[in-house]
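Going down the list, the protein sequences come from chains Y and D. One point on numbering: in the numbering used here, the residue at position 264 of the first sequence is 254, and numbering is uninterrupted. One point on numbering: in the numbering used here, the residue at position 285 of the second sequence is 311, and numbering is uninterrupted.
These are computed hints drawn from the structure, not numbers from a lab. Nothing here was measured: the structure is a model prediction, and the numbers come from that model. Just so it is clear, CB atoms sit at the ideal spot from N, CA and C, and this is done for glycine as well. Any given hint might turn out to be false.
List of simulated lysine to any residue pairs, SDA-like, C-alpha gap at most 20 Å [what the hints assert, rightly or not]:
no. : chain 1 : residue 1 : chain 2 : residue 2
1   : D       : K157      : Y       : R30
2   : D       : K157      : Y       : R35
3   : D       : K238      : D       : I118
4   : D       : K157      : Y       : N233
5   : D       : K157      : Y       : V13
6   : D       : K240      : Y       : A4
7   : D       : K157      : D       : G271
8   : D       : K177      : Y       : L38
9   : D       : K157      : Y       : L38
Here chain Y is said to cover these stretches of chain D; the calculated rule only asks that three of the stretch's residues, wherever they fall, bring their Cβ under 8 Å from a Cβ of chain Y [said to hold, decoys possible]:
no. : segment
10  : 42 to 54
11  : 67 to 78
12  : 133 to 139
13  : 157 to 171
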Amino acid sequence: MSVARHSNVGSFAAHAILATYTVIALFPVIVIVVNSFKTRKAIFRSPLSPPDGETFSLIGYETVMAQGDFVLYFQNSLIVTVVALALVLLFGAMAAFALSEYRFRGNMLMGLYLALGIMIPIRLGTVAIMQMMVAAGLVPTLTALILVYTAQGLPLAIFILSEFMRTVSDDLKDAGRIDGLSEYRIFFRLVLPLVRPALATVAVFTMIPIWNDLWFPLLLASAEETKTVTLGAQVFIGQFVTNWNAVLAALSLAILPVLVLYIVFSRQLISGITAGAVK
Amino acid sequence: MSSAPKGKPAFRLHIAVFLAPAVLVYTTIMIVPLFGTLQLALFRSVDGAQTFVGLGNFEVLFGDPRWSQSFWNALANNTWFFIIHMLVQNPIGIALAALLSRPSLRLRGFYRTAIFIPTILSFVIVGFVWKLILSPVWGVAPGMLDAVGLKFLFAPWLGKEAYALTTLALISVWQFVGIPMMLIYAALLSIPDEILEAAECDGITGFAQFWKIKLPLVLPAIGIISILTFVGNFNAFDLIYTTQGALAGPNFATDILGTFLYRTFFGFQLQLGDPNMGATIASVMFLIILTGVSIYLFGIQTRLRRYQF
């Protein structure tokens, strides 16, 4: 890549814009996390300064730890998100491959049927879902959540993945067929590696609403041992609205694990994207 | 739509195997319950028994001023919410993606990771964070405006009827700008170098290159983010619920279809929940979204040109 392609001025401007936007994106989060380590007085007197020896305090975290089991909540969120995500990616990629690769009777119709779920929030079916899950004895369990989130994530995953799979060259697949690969092998060995950037993208988009959902945990998993982080934080903040230390600490505790998880995963995401782009 | 038919028209087992798991899970957990809800819209509770009333509930929703006023208010607010996203979120997302995909850019990973962070936060967190920051009690926002001499601009934005909805829309933009950024970024990266090199040989570089070569190539991705924004906005609920509560205050200024549906379905304060009217509103929302998506699928997507690299 030649450096001369872009002038220094352009590069400076790009950095200036990106840095400004980075500040906008991070500032609110930083303010919350920084203030969670301060005494109540310091939170109000100088919200923008970092804690020093005098204003440093962990009182908020002590309150949170004494009141809620955030480690367990985090574990629950993690299990639900990872399992549902794996199912969405596998089932979604398989269906997307069938739709984008083969011409069969009802292909168009099947595509529309599966895309229907992008348009309708699954929440509209809450009452019937509740009845079904209770009848199956799955309330309150994490399994109920996993099933709901798998169904919720599939339509969008199929839509995006089939869009990307159409750009995989036909010659490559036909070459595989001539070499005697089965359709399953063509899917797993040839197509899946090529759409890895799309898979990484879909993974992020599927993961976020699952991790952040408040609605279904509230209805399907509100027992203490099945609470997710989002639900735990919401319940906690509702009880401690006027205790600013505790609220800020609870918010920070809800933010930090996701942040760590995301930074770990973003490596994967980046290598996925670049691997696909270089080809 | 692809042109040449592939394979034989006979039944092929592997197609069924590929489709089965997704279709099964999706049908039982999403479609069947949804139809259960849509069915509710055609019934009304009379003396505790569900009675079939045909389209009676829809007549109430559009005919009874108490209902229709709330409905049109929610629809208008929702449209404004969507317009702000299209005008602010998506252009910013595309611009950031274009800057990020500059080949010689340093710190690329840092910017991309940082700008995407708000997107991974839950509505509960985002709602509370901004509520605290914009709160006149805490004074972060007025304090910062004061520092640059603009304190007179400060107002309790979330509490004013005139500003609340726009403020919430901008908070939502702040949260979700990472999604268009990532999708466009991935699309920009998948443009082969040969094409860009060819453009350079023809003297097309920099901004002109973005405008004339890259943008047309990522149009399908822009189409996807537009439709995702549309569907997401017309299903939105959480942010408004966590910051303004189910009443979508002040004075329903931030009421959108999602909160209107929630209030109707589950009730609030003194009003009892009405599943039948809730289902009616849900059905109308479904029709609105279906119309929008159909316009995209049949009017726009079929005209987009796709390139196989």
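Going down the list of hints, with the structure as the test:
As the CA atoms of K157 (chain D) and R30 (chain Y) are separated by approximately 18 Å, the hinted pair is consistent with the 20 Å bound. As the CA atoms of K157 (chain D) and R35 (chain Y) are separated by approximately 18 Å, the hinted pair is consistent with the 20 Å bound. Annotation: proposed proximity of K238 (chain D) to I118 (chain D) holds, straight-line Cα distance about 19 Å (limit 20 Å). Proposed proximity of K157 (chain D) and N233 (chain Y) is supported: the alpha carbons are some 15 Å apart, at most 20 Å.
A distance of roughly 19 Å separates the Cα atoms of K157 (chain D) and V13 (chain Y); the hinted pair therefore holds under the 20 Å criterion. Between K240 (chain D) and A4 (chain Y), the direct Cα distance comes to roughly 17 Å. Compliance with the 20 Å bound is thereby established for this hinted pair. The suggested pairing of K157 (chain D) with G271 (chain D) holds, with an alpha-carbon distance near 12 Å, which does not exceed 20 Å. A threshold of 20 Å between alpha carbons decides the hint, and for K177 (chain D) with L38 (chain Y) the separation of about 16 Å falls inside it, so the pair holds.
Simply put, K157 (chain D) and L38 (chain Y) have alpha-carbon atoms about 16 Å apart, close enough for the 20 Å limit, and the pair holds. Counting residues of the segment 42 to 54 of chain D whose beta carbon lies closer than 8 Å to any beta carbon of chain Y gives 9, which meets the minimum of three for the stated coverage. As drawn, the segment 67 to 78 of chain D meets chain Y at 0 residues by the rule of a beta-carbon pair under 8 Å; below three, the given contact is violated. Here the segment 133 to 139 of chain D counts 6 residues with a CB under 8 Å from a CB of chain Y, which clears the bar of 3, and the coverage holds.
For a cut-off of 8 Å, the count of residues in the segment 157 to 171 of chain D with a CB near a CB of chain Y stands at 7, and the three-residue condition holds.
Violation of the numbered hints given earlier is confined to hint 11; every other hint is satisfied by the structure.
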